[in-house]
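Engineer: Given chain A, work out where chain B should sit, using these hints.
Read off the chains here:
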Amino acid sequence: MKPFLRAAFLVAVMGALGIVFAAPLLFMFASSFKHDDAIFANLASWSAFIPDAGWSLANYAAIVERSNLPLFLLNSTLIAACVVVGGVLVNSMLAFALSRMRWRGRRAVLAMVVALMIVPFEVIAIPLLSLVARLPWPGIEQGALTWHIGWFNSLHVQIIPFLANAFCVFLFYQFFRDIPRELDEAARMDGAGPWTLFFRIILPNSRPVIATAAIVLFIAAWNQYLWPIMVVQGEAARPVQPGIQQFFGRSNSWGQIMAYASVVTLPVLAVFLAFQRQFVASVAGSGIKG
Amino acid sequence: MKTLPGRDHPLAIAGFAGPALLLLGLFMLVPLLFAAAATFTDHRLVSPEPTRYVGLENYARLLALQVVEVEPLRDAAGAALRDEDGIRFPTWRQTRRAHPGVAQYRPAWQVQVGERRFVLAATDPLFYRSLINTFLFALLVLPLQCGAALGLALLVNQRIAGRVFFRTVYFAPVVTSMVVASIVWSFMLNTDRGMINELLRAVTGDPNVGPDWLGEPRYALPAIAIMSAWQGAGFQMLVFLAGLQSISPELYEAATLMGANAWQRFVHVTLPGLRNTIVFVLVSTLLLAFGLFTQVDVMTQGGALDSTTTVVYHAVRTGFRQQDIGYGSTIAMVFFGIVLLVAVLQRVLLARGDNA
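Chain order of the listed sequences is A and B. Here the first sequence is numbered in my numbering, starting from 588 and rising by one per residue. Here the second sequence is numbered in my numbering, starting from 167 and rising by one per residue.
With the rest of the complex left out, here is chain A (with noise of 0.2 Å):
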């Protein structure tokens, strides 16, 4: 009986702590559902965490008709897409470097990235900005190429700055160091060039840290909020943190909020839940090793 007891009184207080973790993101979604007179009238009770009998998706049909949402999404799920894709490069192959090539300074760098680990972006946001303002981008204008200078109001300054990153590159030189290297010396054998050895046997081995580096850098840019609000001004090259903090200063419905805050962390909450795994795992990775 004593243990059984226990396990009840440990499940009633993970579930008290439970209820207090979800409700903020319960309320958000069961609001996005509701009419604005009916998120007031039940503030108190349990009823603000469910759909009530009136339920409608009005708040998200008004949203995409009053607000450039879905632009503010594609925009989200460029940026996202391009920095995962093009980081994971990037990052692990110079991880690859650091790990598998004999080079002069290859200490020195990998000194440096792990350096680098400890800055953070508010550090240098505020020259980066200046220095954003001052790099050409290349263009085609009648038919000729033409440099305009300022990265401002583009897609790309929110993914170029964020390709490479010191933490993605030190997790992959953790993880390569530890594949062994019989793998890497039988390809040699065999002939096999770096580039050989890099994507067809040293990446096919490292999909869990790909996987964690994946997430890593999706999640941040999904959330990038400070940034864009400095080099992005008009709608056309807007994510959608700055669009959803943008339309809570103008819209007085917390309805359409909630819905739009909904349509905004559904992406991520459902990456999350897929790869819960290697979330769990990577978080766990990245204490460790402190």
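Read the hints as simulated data drawn from the structure, not as lab findings. Please note that the accuracy of each hint is not assured.
As the list claims (entries may be wrong) - Pairwise CB distance ranges (calculated): (1) A:Ala-645 with B:Gln-324: 40 to 46 Å; (2) A:Ala-610 with B:Phe-432: 26 to 32 Å; (3) B:Leu-188 with A:His-735: 16 to 22 Å.
Said to hold, decoys possible - So the derived list for chain B, only partly shown, Cβ under 10 Å to chain A, looks like this: (4) Arg-173; (5) His-175; (6) Val-212; (7) Ala-245; (8) Ile-326; (9) Tyr-336; (10) Ala-338; (11) Ser-348; (12) Trp-351; (13) Ser-352; (14) Leu-407; (15) Gln-430; (16) Leu-453; (17) Phe-456; (18) Met-499.
The beta-carbon is built from N, C-alpha and C at its ideal position, and this holds for glycine as well.
Structural biologist: Same frame as chain A, but now just chain B:
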């Protein structure tokens, strides 16, 4: 360890290492060096004037600080004047006239000792306010978030039904973006219609309770701290969970055999086993707390009388909104200095643990 296979072609090495190194150099090293250099200039984002070298002017403007002692207003007999708020003091304008050295200074903080008031006056009082707010926020969020994370980790580490489900629930806020979390909590903290005040009113039965959480200086920062802890605790929970699972079960068995109760096992087995994890969690939470920006930008814009202005918020306001890159970079560099101090502290703490 075996030797590395034969040398690769230099072009192949460049092909592998080049792209990421180029990007890291251009978008991290260059901005970092540029920021350090910009602190000595009056560089602006867009300006018809050429950038000038100004020496340590930015640092002087940012850091200049004086303690000014202010005497109370006195009547003819020399006794301090009082009103319902206590002792009456002259206004800052009057004080400034009496102290010619502080013409450019404005009060950032003040403390009263007996009949005297000490004013911390700065040329950029908002910077000191933001520095104090940032440390205050860290002080609030650190025990809250790390304590919650450790508690949750201990819970979901128990062998009971539903632990995977609850682990997912506790982690869900982490994948919610800070902007969305801030917006949802703004609604929950709303004075008249917010869920939290509605609950307070329902529990106390008093229809008049319910503070203006984000509008009152003494509540705004704690409210943001609670919201931030809610959003972030799930991440540290997973880190703690990994730490807990790396502690050998034999240690617990041995402790139990020696007659240790649950609390003694926690203090003598769990806590020492988690030492490095605790250092890592504390340091990473501290660094996140120092970077506080999004919650403030969405929920209060630094407001309730500057009670939520933080160092990063101040840097963005001057560097970006006022386009003063030189001064904004100076704030960013001071912020970076604090981050480096924390990193060094982490090294020291971990090194000491290894020697013990």
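Engineer: Does each hint fit the structure? Answer for all of them.
Structural biologist: Cross-check of the supplied hints:
no.: 1; hint: A:Ala-645 with B:Gln-324: 40 to 46 Å; result: 44 Å, holds
no.: 2; hint: A:Ala-610 with B:Phe-432: 26 to 32 Å; result: 29 Å, holds
no.: 3; hint: B:Leu-188 with A:His-735: 16 to 22 Å; result: 21 Å, holds
no.: 4; hint: Arg-173; result: 6 Å, holds
no.: 5; hint: His-175; result: 8 Å, holds
no.: 6; hint: Val-212; result: 8 Å, holds
no.: 7; hint: Ala-245; result: 51 Å, violated
no.: 8; hint: Ile-326; result: 5 Å, holds
no.: 9; hint: Tyr-336; result: 5 Å, holds
no.: 10; hint: Ala-338; result: 6 Å, holds
no.: 11; hint: Ser-348; result: 8 Å, holds
no.: 12; hint: Trp-351; result: 6 Å, holds
no.: 13; hint: Ser-352; result: 8 Å, holds
no.: 14; hint: Leu-407; result: 7 Å, holds
no.: 15; hint: Gln-430; result: 18 Å, violated
no.: 16; hint: Leu-453; result: 7 Å, holds
no.: 17; hint: Phe-456; result: 8 Å, holds
no.: 18; hint: Met-499; result: 8 Å, holds
Violation of the numbered hints given earlier is confined to hints 7 and 15; the remaining hints are satisfied by the structure.
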